[in-house]
Structure formats: C-alpha cells, structure tokens
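*Asks:* Spelled out, the chains give:
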Amino acid sequence: MDIADFRSQLHAWLDANHEQLAPRYEPPGTLDDHVAQMQRVKSVLYDAGWMQWGWPERVGGRGGSPMLRTELGASIAARDLADPGLFSLLEVLAPTLSDFAPPALAADVVPRLLSGEEIWCQGFSEPATGSDLASLACRAVPDREPETASRWIVTGQKVWTSLAQYSQRCVLLTRTGTTESRHRGITAFFVDMDTPGISVVPLEMLNGVPEFAEVFFDDVVVPADRMLGELNGGWAVAMSILPYERSSCFWQRIAFLYRRLQMVVDAVPESDGAAAIVGDAFVHLHALRARSRATQYRLAAGGTLGAETSIDKVLVATAEQAVYDAARRLLPGAVELDDSAAGEMWRNEYLFSRAATIYGGTSEVQRNVIARRLLDLDAPE
Amino acid sequence: MDPAERALLETTVGDAVANAEPGVPADNVLARLGWREMLAAEPRDATAIVFEALGAAGATASVLDDVVAAALGLQPSEDVAVLFPPFASWEPPGRQDGSRVCATGLATGRVAAGTELLVACGGTDPGLASVPRSAARIAPVRGLDPDGRSYLVEVDHEGAAAPLAPDAWLAAVAAGRRAIAHQIAGACHTMLELARTHAREREQFGRPVARFQAVQHRLADALVAIEALDATLVVAWDEPGPTTAALAKAVAGRTARAVGAQCQQILAGTGFTTEHPFHRFLKRTMTLDGIFGTGDQLTVALGRELLAARRVPTLIEL
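Keeping their order, the protein sequence lines are chains A and B.
Positions 0 to 380 (numbering that gives the first Met the number 0) are the ones given, in order, by the first sequence.
Positions 0 to 317 (numbering that gives the first Met the number 0) are the ones given, in order, by the second sequence.
Calculated directly from the structure, the hints in this document are not laboratory data.
You can take every hint at face value.
Facing chain A, according to a computed beta carbon distance under 10 angstroms, are these residues of chain B, among others:
#	residue
1	195
2	207
3	217
4	218
5	219
6	220
7	223
8	242
9	249
10	297
11	300
12	306
13	308
14	310
15	314
16	317
Cβ-to-Cβ under 7 angstroms is the rule here; a few derived chain A residues that face chain B:
#	residue
17	274
18	278
19	366
20	369
21	370
From the derived model, a few chain B residues whose C-beta atoms are all more than 12 angstroms from chain A:
#	residue
22	5
23	13
24	78
25	140
Keep in mind it's a predicted model, so treat the numbers as computed, not measured.
All C-beta atoms in this analysis are idealised placements derived from N, C-alpha and C, irrespective of residue type, glycine included.
Let the sequences and hints guide you as you build the complete structure.
*Replies:* Here's what the structure looks like:
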C-alpha cells in the first residue's frame with residue numbers, strides 16, 4: 000500500500016473513531032491507566048486491521064513497507080492516544096521474534112503482542128551493564144551439552160526493564176559463554192514471565208512513575224526451543240533491533256515532540272523572548288525530522304543502518320530536551336508548582352526528558368561511535 | 000540528473016573551483032562549465048553543487064546574482080547584478096519615492112563589472128527596477144572577509160519600477176537562502192576535514208590528539224551539526240518554500256557557529272595563524288550568516304510565525 004494513501008485513509012479513520020480511541024482515564028493518569036490505554040488502542044486498531052500493516056505475513060501481518068507501521072505509531076503519538084515510548088516498544092520486540100524465533104512460535108506470539116492481548120519486555124541492561132552491553136552477566140546454563148540441551152537454567156538480574164510488572168513475556172539476553180567472551184558468549188531467549196523463579200520489583204523514577212523494574216531470575220527454567228537465534232548468537236539478536244529503534248521509534252517520538260511544542264505554542268503569549276525559545280526548539284525539531292526521514296527512506300530501500308544512526312540518536316536527545324526546556328521556560332511554574340493535570344503532565348515528561356541523553360546508549364557513547372566509526376579518529380596514522 | 004551524472008558534475012565543478020587561480024573569482028571557470036544553462040535546466044543540482052563547491056574551496060563567484068535573478072523570473076546574465084538586502088536583513092533593499100528609486104544594500108563583485116543592477120523595492124508598492132550601473136555608488140567592503148568581494152551599494156535613480164508580485168520577493172529570498180546555506184555547508188565540511196586531519200597528525204603526550212576523547216567528542220558534535228544541515232537542505236528542495244528555506248538557513252547559521260567553534264578549538268595554535276587556511280572558512284561563514292538574515296534572526300522570526308499562527312507545521316511526511 001502506498002504510504003500517502005495509507006496516511007490519508009488512516010487519518011480519516013482516526014477522525015471517525017476518535018471517541019472509541021480517546022483516553023478514558025482522568026488526566027494525567029497513572030502508569031496503569033497509560034498501559035491500559037495503550038493496550039486498548041492496540042486492540043481497536045488490530046480489530047480494524049490497522050496494526051497488521053508493515054509486519055510480515057508470516058507473523059500475521061498484512062505486509063507492506065515497515066514505514067506503514069511507523070506512520071501508524073506516529074499518528075497515534077501525534078494525537079496523544081498512547082504514550083509513544085510504550086507504544087513503540089513493539090519495534091524493539093516484534094522484529095526480534097519475527098526474525099529469530101522458530102517460525103511457529105513467532106506466528107503464535109507476535110499477533111498477541113500486536114493485538115494488545117499481551118505485553119512483553121526486554122531484559123538487556125543489568126546493574127553492572129549499562130552502556131557496555133557486552134559485559135552482561137545473567138547466566139544461562141544448559142541441562143546437558145549445549146547442543147542437545149532440552150532446557151536452560153537462568154540466574155541473574157536485569158534492570159531498567161520497561162513494563163516488566165505488566166509483561167507476559169521477556170526477550171532476555173543471557174551469558175552462555177565465559178564473561179571474557181563478551182559479545183561472543185551471549186544467547187537470547189523468549190521467556191514466559193510467569194515461570195517460577197522470576198520476581199519483578201518496579202523502580203520508581205524521579206517523576207514518580209514506576210515505568211522500569213528490576214527483574215530477578217532464580218533458577219528459572221527455559222525450554223531450549225525458546226532460544227532466539229543461535230547459541231552464542233545473542234549479540235546479533237540485540238544489534239538487529241538497532242535499525243528499528245533508530246528509525247521507527249524515533250519517528251514516533253518526533254511526532255510526539257511536535258505535538259508537545261504545539262501545546263506550548265497554544266499556551267504562550269506572543270513576545271520576542273517566547274519567539275526565540277519556540278523558534279529554537281522548532282529548528283531543532285525540523286533538523287531532526289529531516290534527518291530521520293532520510294534514515295527511514297534508507298531503511299525502506301533495503302539499506303543497512305549502522306554507526307551513522309548515532310547521529311540520529313544525538314539529534315533526537317538534543318531536540319527532546321530543547322522542547323521540554325522550552326516548555327519549562329515558557330510555562331513558568333508548570334513543572335515546579337502546578338498541581339493540575341497539565342502541570343502533572345509537564346512535570347512528568349520534563350523529568351523523563353532528562354533521560355533522553357542516557358537511555359538507548361548515552362550521548363557520550365554515541366559520540367565515541369561517531370568519532371571512531373564515522374570520523375576514524377582512533378585509527379593509527 | 001541521475002546519481003552518476005550528479006557525482007560526475009560534483010567532481011568536475013569541485014575540482015575546477017578548487018583549482019581556480021587563488022584570489023581570482025571563479026565566475027569564468029563556472030561560466031565555461033555552463034553554470035547558467037545548468038541553473039536553468041536543473042536548478043536544484045546546479046545550486047547545490049556550485050555553492051557547496053564554492054564553500055568547500057573558500058572561493059568566490061558572483062553566482063548568487065544568477066540564482067536570485069532567476070527566482071525573480073528574469074534571465075540571468077553576467078551583465079546583470081542584483082542588489083541584495085543589507086547585512087542581517089531580508090527586506091527588499093529599495094523603495095519607490097515618487098518618480099525615484101532609492102536603495103541601500105550589498106552586492107557581489109558583479110556590480111563592479113556589470114552594466115545593470117536589479118533593485119527590488121518593498122513597502123506598499125512592491126516593484127522591481129533595472130537601474131544602470133552608473134546610477135549606483137559602490138564601495139568595496141573590507142570587513143572581516145575582504146576575499147569575499149562584497150560591495151556596499153547606494154542607489155538614487157530617476158525612474159520607475161515594474162510591479163513585482165508580492166510572493167516574488169519571498170521566492171527570491173528563499174532561493175538565496177538555499178544557495179547560501181549550501182555554501183555554508185560546503186565550508187563546514189572543509190573546516191571539519193581540516194580539524195580532523197590536524198587532530199590525526201598532531202601528537203602530544205606521545206599520541207595523536209585525535210585519540211583523546213575530549214577531542215573526539217568535539218569533532219563528533221561538528222559532524223552531527225553538519226549532517227543535520229545536509230538533511231535540512233534536502234528537505235528545502237524536496238518541499239521548496241519560504242519556511243523550509245528559512246529553516247535551512249537557520250540551521251546553517253547554527254551549524255557554522257558550532258563547527259567553527261569546535262574546529263577552531265581543535266586546531267588550536269595552528270588554526271590561529273593565517274598560515275593555516277582555517278581562518279578563511281571561519282570568516283567566510285560568519286559573513287555568509289548575515290546574508291538574507293542570520294541564523295539567530297531567522298530562528299526568532301520562525302518562532303514568531305508559529306506563535307502568530309498558533310501552529311507548529313511538520314512540513315514533511317514519510
């Protein structure tokens with residue numbers, strides 16, 4: 000399907016079905032409310048056939064360019080129908096199953112994620128493993144020789160696991176080689192969160208929202224047929240997410256940031272001072288959107304995305320903070336004192352925006368990648 | 000133009016401009032390559048390639064006159080110079096005063112040799128006057144960047160202007176902004192390459208300074224800014240209009256400032272002398288920033304538009 004047709008049909012449908020999709024909670028809503036809203040929106044979109052576009056037919060999709068699902072997510076974000084950070088988790092979960100799970104498993108579970116029946120989480124980060132993902136330690140041990148194992152026993156801890164307390168499944172990275180094997184000794188599994196031995200402790204962030212959790216694995220039994228990709232091939236699984244995270248997720252985030260800047264522009268009296276601040280955020284957003292569009296096109300044309308997406312990551316973090324800095328400066332007290340629903344929203348989101356330069360690879364790591372891989376600054380003369 | 004043709008032209012123009020005799024404007028070189036024909040047939044590729052090449056080489060040529068004349072609907076010619084607005088302005092430089100046309104503005108080197116000067120007039124009665132060169136008082140500008148060959152021009156001419164459609168000047172400003180943004184982009188690419196080369200060669204504490212993370216992050220920031228500008232320029236042509244052109248010029252202004260500052264710091268003492276070419280690019284981008292409005296001015300103007308319309312336009316879709 001042509002993306003312009005898709006967009007116009009989608010927007011007509013979203014206009015017509017606004018009542019059905021609009022949030023039903025009292026704003027600003029709790030995390031429970033936001034998660035329930037996201038699942039309800041997914042379910043309505045799935046029943047109407049929209050959620051399936053852009054996903055392969057082998058996992059219950061309707062095919063077409065992945066840009067279709069990017070467009071869908073961006074439209075949902077631009078209308079504030081679901082939190083884009085939560086909604087776009089699809090992009091870092093479903094492709095993993097679609098590309099690395101045994102086909103029957105993928106065909107069984109991906110539709111459950113798309114339809115809002117299930118929530119999944121991603122068990123990557125650990126207390127001692129932040130930017131340096133290859134150092135992860137959560138161990139998986141086979142019940143006999145690895146090649147013929149029927150089950151694996153997982154022990155360790157994950158942290159910063161989004162929505163773990165709501166999740167039915169987890170895409171989990173484990174250490175199956177020696178610690179020194181780094182990225183060569185990691186294996187991915189698809190784990191049911193109701194397996195005995197898993198405990199979840201939500202982490203309250205500085206904005207009061209427990210979006211992340213610690214997840215503890217204590218002799219958790221995982222069937223061998225839940226391995227994603229190859230034994231010790233978990234690094235490839237983890238890296239395969241990057242192109243979607245850096246294209247589709249970003250485009251959805253960008254749509255959301257335009258929406259937020261629009262809210263600032265709606266609320267602020269005209270003045271030269273306000274114009275300078277609004278203009279600055281707008282220029283940041285436009286440059287980011289221009290860059291991200293080129294990235295989507297490159298991916299859609301079959302290009303591989305790599306180190307150059309670190310530029311997109313730096314730009315998205317910078318623009319996000321510029322938008323929320325603009326909100327804080329132009330809506331005095333909204334972040335600091337306003338106890339209305341609008342104030343709660345600005346406060347939560349402003350505080351969360353400070354993490355934009357931290358999650359998904361810190362801005363420092365991105366600059367290292369840019370310097371070494373794109374500018375070749377580490378190479379000997 | 001297909002990608003192979005474009006790449007060939009890029010190389011041809013880039014080499015020709017870079018190899019032009021130092022200190023001599025590249026007009027003749029570009030004319031021999033068919034610049035005006037290219038501009039008429041393929042305005043996007045012609046503008047992008049020629050202005051990026053000029054920026055990258057730190058060269059000058061009176062080609063902005065052609066871009067703006069064409070955008071005003073006229074036939075560009077080497078005899079026709081254009082009067083540009085004064086530094087840090089984008090208003091039409093002239094006004095009609097009874098039966099006279101009066102103007103103050105900037106011009107390229109073409110004004111010294113050309114026979115005719117185009118003067119756009121603003122105010123309640125927008126018009127376009129063709130003024131004989133003899134009616135203009137011109138004075139070369141030394142300023143920060145004497146090699147840029149700018150002239151301060153004053154016009155006081157007995158004669159009338161032809162009517163100018165209200166949108167025509169906006170289109171001319173947009174075309175000029177796109178071209179200047181390309182020239183700034185070319186200069187920024189060169190500044191980064193100069194700093195990168197220096198960082199890889201210069202050794203301190205027993206290793207190239209490029210190995211230090213503090214140095215790496217500055218150059219990484221410069222590349223991020225340049226890539227953002229390049230993407231913004233693609234959009235300025237894909238969705239041509241006053242807003243995308245103003246955005247490209249605004250991004251060019253902030254990119255020039257960021258890249259200039261980071262690269263100057265990395266080039267350190269070396270870049271502080273006139274023996275190293277860096278200073279030419281720094282001065283050129285500082286001067287170009289003021290043509291058709293500085294990046295800072297455009298940022299405020301864009302913010303004002305958003306607040307007046309109460310709308311944040313997304314401008315591009317997938």
